[in-house]
Amino acid sequence: MSRFAAHVLVLALAAAVPAAAQTNIQVRFTQFTLPNGLHVIVHEDHTVPVATLNVWYHVGSGRERPGRTGFAHLFEHLMFEGSGHVTDGEFDSLLEAAGATNNGSTSTDRTNYFIDMPSNALELALFLESDRMGYLLDSMTPDRVNGQRDVVKNERRQHYENAPYGMASIEIDEMLYPPSHPYRWPTIGHMDDLTAASYEDVVEFFRKYYAPGNASLVIAGDIDPERTRALIEKWFGDIKPGAASVPPIVHPPAVLTEVKRKTIQDRVQLPRLYFAWLTPAHFRPGDAELDVAASILAGGKNARLYKRLVYDLQIAQDVSAFQASSALGSQFQIIVTARPPAAGATPQASVARIQSIVDEEIARLQKEPPAAREFERAIHQIEASFYSRMERIGNFGGVGDQLNAYYFATGNPDYFNEDLARYRALSAADVRAAVAHWLPLNRRVELVVEPAVKGAR
Amino acid sequence: MMPALALIATLAIAVAAGSTVQQAPDRSAAPKPEAAPEFKPPQIQKRQLSNGLPVWIGERHKVPVVHVSIVVRSGSGADPAQKFGVASLTSRMLDEGAGNRDALEIADAIDYLGASLSTSCSFDASFIDLHVPVARLSDALGLMADVALRPTFPDNELQRVREETLTSLIQAQDDPEQLVRFAFPRLVFGPQHRYGTLSVGTAASIKGFSPDDLKQFHAKHYVPGNSVIIVAGDTTPDAVLPMLEKTFGAWKGAAPPPGATGEAPQLKSRQLYLIDKPGAAQSQIRIGWIGVPRSTPDFFALRVLNTILGGAFTSRLNTNLREQHGYAYGASSAFDMRAAAGPFFAAAGVQTDKTSESLQEFFKELGNIRQPIPADELDKAKNYLALSFPRSFETTADVAGSLAQLFVYGLRDDYYATFARRVLEVTAEDVQRAAQRHIQPDKFAVLVIGDRKTIEGKINALNLGPMKVMTTGDVMK
Numbered sequence: 001m002s003r004f005a006a007h008v009l010v011l012a013l014a015a016a017v018p019a020a021a022q023t024n025i026q027v028r029f030t031q032f033t034l035p036n037g038l039h040v041i042v043h044e045d046h047t048v049p050v051a052t053l054n055v056w057y058h059v060g061s062g063r064e065r066p067g068r069t070g071f072a073h074l075f076e077h078l079m080f081e082g083s084g085h086v087t088d089g090e091f092d093s094l095l096e097a098a099g100a101t102n103n104g105s106t107s108t109d110r111t112n113y114f115i116d117m118p119s120n121a122l123e124l125a126l127f128l129e130s131d132r133m134g135y136l137l138d139s140m141t142p143d144r145v146n147g148q149r150d151v152v153k154n155e156r157r158q159h160y161e162n163a164p165y166g167m168a169s170i171e172i173d174e175m176l177y178p179p180s181h182p183y184r185w186p187t188i189g190h191m192d193d194l195t196a197a198s199y200e201d202v203v204e205f206f207r208k209y210y211a212p213g214n215a216s217l218v219i220a221g222d223i224d225p226e227r228t229r230a231l232i233e234k235w236f237g238d239i240k241p242g243a244a245s246v247p248p249i250v251h252p253p254a255v256l257t258e259v260k261r262k263t264i265q266d267r268v269q270l271p272r273l274y275f276a277w278l279t280p281a282h283f284r285p286g287d288a289e290l291d292v293a294a295s296i297l298a299g300g301k302n303a304r305l306y307k308r309l310v311y312d313l314q315i316a317q318d319v320s321a322f323q324a325s326s327a328l329g330s331q332f333q334i335i336v337t338a339r340p341p342a343a344g345a346t347p348q349a350s351v352a353r354i355q356s357i358v359d360e361e362i363a364r365l366q367k368e369p370p371a372a373r374e375f376e377r378a379i380h381q382i383e384a385s386f387y388s389r390m391e392r393i394g395n396f397g398g399v400g401d402q403l404n405a406y407y408f409a410t411g412n413p414d415y416f417n418e419d420l421a422r423y424r425a426l427s428a429a430d431v432r433a434a435v436a437h438w439l440p441l442n443r444r445v446e447l448v449v450e451p452a453v454k455g456a457r
Numbered sequence: 001m002m003p004a005l006a007l008i009a010t011l012a013i014a015v016a017a018g019s020t021v022q023q024a025p026d027r028s029a030a031p032k033p034e035a036a037p038e039f040k041p042p043q044i045q046k047r048q049l050s051n052g053l054p055v056w057i058g059e060r061h062k063v064p065v066v067h068v069s070i071v072v073r074s075g076s077g078a079d080p081a082q083k084f085g086v087a088s089l090t091s092r093m094l095d096e097g098a099g100n101r102d103a104l105e106i107a108d109a110i111d112y113l114g115a116s117l118s119t120s121c122s123f124d125a126s127f128i129d130l131h132v133p134v135a136r137l138s139d140a141l142g143l144m145a146d147v148a149l150r151p152t153f154p155d156n157e158l159q160r161v162r163e164e165t166l167t168s169l170i171q172a173q174d175d176p177e178q179l180v181r182f183a184f185p186r187l188v189f190g191p192q193h194r195y196g197t198l199s200v201g202t203a204a205s206i207k208g209f210s211p212d213d214l215k216q217f218h219a220k221h222y223v224p225g226n227s228v229i230i231v232a233g234d235t236t237p238d239a240v241l242p243m244l245e246k247t248f249g250a251w252k253g254a255a256p257p258p259g260a261t262g263e264a265p266q267l268k269s270r271q272l273y274l275i276d277k278p279g280a281a282q283s284q285i286r287i288g289w290i291g292v293p294r295s296t297p298d299f300f301a302l303r304v305l306n307t308i309l310g311g312a313f314t315s316r317l318n319t320n321l322r323e324q325h326g327y328a329y330g331a332s333s334a335f336d337m338r339a340a341a342g343p344f345f346a347a348a349g350v351q352t353d354k355t356s357e358s359l360q361e362f363f364k365e366l367g368n369i370r371q372p373i374p375a376d377e378l379d380k381a382k383n384y385l386a387l388s389f390p391r392s393f394e395t396t397a398d399v400a401g402s403l404a405q406l407f408v409y410g411l412r413d414d415y416y417a418t419f420a421r422r423v424l425e426v427t428a429e430d431v432q433r434a435a436q437r438h439i440q441p442d443k444f445a446v447l448v449i450g451d452r453k454t455i456e457g458k459i460n461a462l463n464l465g466p467m468k469v470m471t472t473g474d475v476m477k
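As you go down the protein sequences, you meet chains A and B in turn. The opening residue of the first sequence carries number 1 in our numbering; numbering runs sequentially from there. The opening residue of the second sequence carries number 1 in our numbering; numbering runs sequentially from there.
One thing to keep in mind: the hints can contain errors.
[Unchecked claim] With a Cα cut of at most 16 Å, we get these calculated EDC-like pairs of lysine to aspartate or glutamate:
no. : chain 1 : residue 1 : chain 2 : residue 2
1   : A       : Lys307    : B       : Asp102
2   : B       : Lys458    : B       : Glu357
3   : A       : Lys234    : B       : Asp26
4   : A       : Lys307    : B       : Glu357
Keep in mind the hints are simulated off the structure, nothing from the lab. As the structure is a computational prediction, the values presented were derived from the model and not from experiment.
Let the sequences and hints guide you as you build the complete structure.
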């Protein structure tokens with residue numbers, strides 16, 4: 001069986017105090033690399049008769065060049081439109097007829113695709129996935145690019161321009177990163193750049209970044225590992241190795257030397273405040289500490305910012321805090337939506353009051369470690385989340401996707417235990433030190449989205 | 001000659017296998033899936049506590065977690081007239097003070113266990129959901145029982161939650177995707193029928209609730225005679241029943257008298273509605289009328305029909321508006337089936353300058369779905385529904401949610417075991433009959449939320465029907 005040792009875990013959890021003797025989470029897998037460079041990870045789990053195929057291409061919007069922002073994501077859309085031996089529309093219709101679903105997503109660092117299927121449809125999924133990895137360009141046309149360009153522009157309208165506060169993340173990235181930094185521009189892209197994207201760009205991007213050696217493939221679920229390996233060799237073995245390997249992105253770390261402030265207007269009735277810092281990359285020292293800090297600040301009713309702003313004072317509608325971890329460096333954000341100002345009060349006064357409280361709470365966590373109870377509460381929540389993450393095989397965030405994520409970040413698909421160990425090794429003092437070091441009040445981005453003045457857009 | 005040829009062929013294969021270049025597979029036709037794997041839904045172990053409270057258990061031993069749901073067969077459909085939103089606010093207030101703990105103590109205890117406890121409410125049921133590492137199950141059940149059985153509805157917490165809820169209604173006005181969810185049912189069902197207002201209620205009704213309103217709703221509906229406990233995950237009846245007996249065995253109360261939501265009068269002629277969002281980059285479109293109750297005999301035909309129309313990626317609406325025209329990021333349709341007939345609607349957010357073109361395409365597809373469905377399209381939809389079905393039993397929360405449906409809608413015990421077969425039995429005639437009956441575009445309400453000055457003239461030029469210009473206040477008060 002492919003699951004981790006459930007009974008041992010139960011024993012470890014029964015000890016309420018963070019125990020010294022911790023158990024291992026282990027996800028059994030096999031892995032191999034095809035001669036063309038494609039790395040393959042196979043994981044067996046027969047809970048339900050379904051399987052998942054999960055591919056990561058090690059390219060994201062961070063690889064884009066000026067004037068072509070949004071291209072990695074536009075390209076992702078084109079991967080579903082047919083390939084050398086799959087006609088337009090056939091990718092989705094063959095999968096639906098087999099009871100499968102599929103999707104893809106693009107971030108700054110990577111592009112991922114999954115197909116979740118009844119386990120009898122594995123070979124169909126391997127055929128479709130290998131055909132677009134090997135033969136995408138055979139049927140690519142400028143018309144196809146135009147079609148998905150319109151779809152992506154509507155995705156941007158729906159999730160950014162027409163969404164309340166939708167432009168905030170784009171503004172924050174522009175304030176956090178210098179113009180040359182790979183994280184400066186939005187993954188969805190600028191409208192003008194989406195307009196400019198061409199068929200020739202598609203050809204170049206595919207040849208450069210979609211070679212098997214720049215990808216990793218996970219098959220997980222109700223499968224036989226040996227037969228799966230044979231099928232993978234059959235369908236992926238003939239794909240040409242393609243271009244030379246892609247060198248890692250090298251860019252000096254972004255640095256903030258002051259507070260950068262901006263206020264923008266939107267068609268909203270409630271002001272919202274954003275605070276953003278540049279923080280350590282995924283799995284680097286400080287990354288796990290800041291996950292815990294986020295929980296202590298905004299995870300649950302007793303979290304410090306939630307309790308003061310939302311529960312006690314009731315001057316905020318909601319508050320969130322998170323460490324968004326990425327390969328070249330991370331962001332820590334705190335977001336607070338203000339309540340409607342009291343009669344006679346201005347939105348600006350309400351925003352100023354919220355900001356002073358946010359600053360007080362950060363300063364307090366910089367000076368004193370969190371209490372044992374609130375620290376343990378955060379650790380217990382994080383530990384439990386590791387178990388729940390094991391329940392689903394497919395989709396975004398399922399076991400298949402996590403195996404690829406760990407492989408991409410660390411070279412070890414089964415990094416679950418090492419990842420969890422990062423949190424178990426922490427002390428309350430570590431959290432204080434990370435907040436003091438990484439969340440300075442005098443070097444950060446402050447963005448306020450305020451209600452538009454009537455008549456203005 | 002033949003043996004010689006065969007020998008050469010064998011050698012060639014051996015060479016290819018030994019080198020780094022594989023023989024190219026035959027890609028001229030997609031591999032056909034083998035026979036579908038047998039799927040048996042988890043066995044439901046039905047037990048009872050000493051007070052008669054049913055306990056349904058579905059074991060899942062992959063991960064050491066348990067999901068427990070208390071399902072109360074009363075939701076917003078049980079709101080008294082003039083008190084729309086009571087069920088929803090009662091549900092929201094359950095964990096704001098219960099037993100001898102206040103709101104902060106409950107949250108602290110749950111979080112410290114690494115558990116999550118949530119309360120929610122639909123038109124047909126109220127839910128308390130606990131997800132917890134199995135080693136902490138016993139402790140967490142005590143907290144869950146307090147929240148479900150002994151909420152205190154403190155006045156100060158009610159004031160706070162009330163203000164939060166009222167503020168969320170203000171936020172909904174700012175978001176066209178949310179606003180359309182409030183506005184469309186109001187236009188179809190009107191302000192009097194319960195389904196014309198979302199579960200949450202209106203600002204006016206929410207302002208009127210006292211702790212007594214919530215206490216009364218709770219006392220009447222949150223009773224063992226009206227409820228079930230569903231347990232899914234890494235436990236067994238022998239392990240969990242004694243814990244449940246200890247925490248829920250003394251709970252008392254008979255089912256309330258049935259208070260069915262009445263059926264609303266069906267729409268009679270097409271009517272357009274426009275809500276202005278100056279400068280909007282997209283128009284939110286929703287088209288439909290009163291659909292069917294969950295008990296409809298057309299259930300399986302309509303699931304297939306909707307999969308073809310707007311319930312899957314390759315559905316006609318998504319293929320047309322997204323893939324062929326690029327007017328939208330996505331388009332869909334749904335029959336929202338409840339105890340009484342809920343809404344049917346087709347929906348999309350479309351780019352502002354293609355609003356009228358999109359409406360034309362919507363009506364083209366809504367008309368075409370009434371015509372006979374080609375066999376291959378019908379088969380694709382049926383297979384999609386029947387074969388993707390095992391995924392609704394993958395996680396402990398999936399299993400609990402699937403079992404909850406059986407309880408809320410009184411479905412037969414073999415419902416899931418026979419689901420795939422009943423989907424596959426649907427015929428083209430069944431679908432066409434259901435379409436003729438339930439998709440009548442000349443009687444539909446058409447709602448557009450967008451930039452009026454850009455879109456109104458072109459919409460009127462389509463001559464789809466009379467148009468009323470509405471305000472956000474009209475549809476949310």
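A quick look at each hint next to the structure:
Between lysine 307 of chain A and aspartate 102 of chain B the alpha-carbon distance is near 14 Å, which keeps this suggested pair within the 16 Å criterion. Taking the CA atoms of lysine 458 of chain B and glutamate 357 of chain B, the gap is about 9 Å. The hint holds against a cut of 16 Å. Restraint check for lysine 234 of chain A and aspartate 26 of chain B: satisfied, since their Cα atoms lie roughly 10 Å apart, inside the 16 Å limit. Distance restraint check for lysine 307 of chain A and glutamate 357 of chain B: the Cα-Cα separation of roughly 49 Å exceeds the 16 Å cut-off, and the hinted pair is therefore not satisfied.
Checked against the numbered hints given earlier, this structure breaks only hint 4.
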